[in-house]
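Modelling step: build the complete structure from the supplied sequences, incorporating the hints.
One-letter residues, chain by chain:
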Amino acid sequence: MDAVYIAGLGIAFLSVIVAFYAILREQDDLHRILLTDLAEILALVLIALVATDLAEALILPGLVVGISELMAISEVFLVKESLSRPRYSPLSIEVMDSAPAIMSLALVLYGIVLSGFSGGALAGVGAIFYFMCRGHDERFAVIETASGYAWALWIFAFFIFMVLPEYWLFGVMTAGGAILLKVTGKMSLVGTMRGGHNE
Amino acid sequence: MNAEFILGLAVLAIGVLAVAFPRDRSYLTRLINLEIPAFGLLLIMLSFDEMLALLTFIAVTGISTFVLVRILERRGPV
Chain P
3 MDAVYIAGLG
13 IAFLSVIVAF
23 YAILREQDDL
33 HRILLTDLAE
43 ILALVLIALV
53 ATDLAEALIL
63 PGLVVGISEL
73 MAISEVFLVK
83 ESLSRPRYSP
93 LSIEVMDSAP
103 AIMSLALVLY
113 GIVLSGFSGG
123 ALAGVGAIFY
133 FMCRGHDERF
143 AVIETASGYA
153 WALWIFAFFI
163 FMVLPEYWLF
173 GVMTAGGAIL
183 LKVTGKMSLV
193 GTMRGGHNE
Chain A
3 MNAEFILGLA
13 VLAIGVLAVA
23 FPRDRSYLTR
33 LINLEIPAFG
43 LLLIMLSFDE
53 MLALLTFIAV
63 TGISTFVLVR
73 ILERRGPV
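Just so you know, the sequences run in chain order P and A. With the working numbering, letter number 124 in the first sequence gets 126, and the count goes up by one each step, no holes. With the working numbering, letter number 35 in the second sequence gets 37, and the count goes up by one each step, no holes.
Hints are computed from structural coordinates only; laboratory data are not their basis. Among the hints, erroneous ones may be present.
[Stated by the list, open to error] Distance condition first, Cα-Cα at most 25 Å in a straight line; then the derived DMTMM-like pairs of lysine to aspartate or glutamate:
no. : chain 1 : residue 1 : chain 2 : residue 2
1   : P       : K188      : P       : E77
2   : P       : K184      : P       : E140
3   : P       : K82       : P       : E71
4   : P       : K82       : A       : E75
5   : P       : K188      : A       : E75
6   : P       : K188      : P       : E71
[To be verified] What follows is a list of derived Cβ distance ranges for each label pair:
no. : chain 1 : residue 1 : chain 2 : residue 2 : range
7   : A       : L9        : P       : Y151      : 44 to 54 Å
8   : A       : T31       : P       : F15       : 20 to 30 Å
9   : A       : L57       : P       : Y151      : 43 to 53 Å
10  : A       : A5        : P       : F119      : 36 to 46 Å
11  : P       : R141      : A       : A12       : 19 to 29 Å
As the structure is a prediction and not an experimental result, all values here were calculated from the model. Glycine residues also receive a C-beta, built at the ideal position from the N, C-alpha and C atoms.
See below:
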């Protein structure tokens with residue numbers, strides 16, 4: 003096992019070298035962005051090779067930072083190349099008008115029955131599918147307000163943990179709800195990338 | 003565990019070469035080839051029982067493909 007593991011580390015490092023060599027040789031900006039995604043995958047491989055619970059704890063923030071970085075870089079690229087609008091009308095898929103309500107209801111109900119992490123993931127997919135199929139105009143002021151209150155709630159939950167540790171369940175639920183609110187705000191920002199307006 | 007680990011490493015190495023030096027140097031080829039090292043990473047995560055990381059990676063890959071396709075769509079195929 004040990005020899006295999008060492009070989010795995012070696013292959014991972016070799017792949018990192020190959021990927022960065024390719025980035026160095028690349029002239030085109032969009033190709034570079036695609037290769038950045040490759041570099042992110044290889045960084046995650048190095049973290050995954052830690053192979054304990056620590057790896058899971060490190061991969062999750064790594065993924066979140068990676069996706070936000072990719073979104074920021076893509077926005078910068080679009081502004082730099084002045085590609086602000088699609089040149090043709092966007093794809094219209096009929097299923098996205100008729101199906102969302104019943105599909106997401108089924109997914110959320112099944113997720114609640116399953117329970118646990120997989121149930122939560124399923125219910126979350128149902129909710130995301132529903133909101134992705136809705137329109138994509140957004141009032142940014144509301145998102146900012148909700149985000150601010152969520153942040154304050156989160157800090158408040160930590161004070162509960164420190165000052166009144168016997169009410170830990172209340173603290174956990176407050177912190178969880180606040181994080182949910184914040185993540186929801188971020189996801190609705192993803193929705194406005196399809197060209198929504200600030201109402 | 004070992005078989006998945008070795009298979010994952012092989013797929014990863016092949017995928018990195020396929021993305022770094024694709025035969026047909028177009029954006030779409032590179033984007034599709036990116037799935038190969040991602041699959042290798044998934045196999046490596048599977049071999050170490052990293053379930054949370056695996057599920058989150060699948061979800062985030064969906065979003066990042068969406069972001070990249072959005073750029074390609076506006077840039078036009080070259």
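For each hint, the structure was consulted:
no.	hint	verdict
1	P:K188 with P:E77	16 Å, holds
2	P:K184 with P:E140	15 Å, holds
3	P:K82 with P:E71	16 Å, holds
4	P:K82 with A:E75	16 Å, holds
5	P:K188 with A:E75	23 Å, holds
6	P:K188 with P:E71	14 Å, holds
7	A:L9 with P:Y151: 44 to 54 Å	48 Å, holds
8	A:T31 with P:F15: 20 to 30 Å	26 Å, holds
9	A:L57 with P:Y151: 43 to 53 Å	29 Å, violated
10	A:A5 with P:F119: 36 to 46 Å	26 Å, violated
11	P:R141 with A:A12: 19 to 29 Å	50 Å, violated
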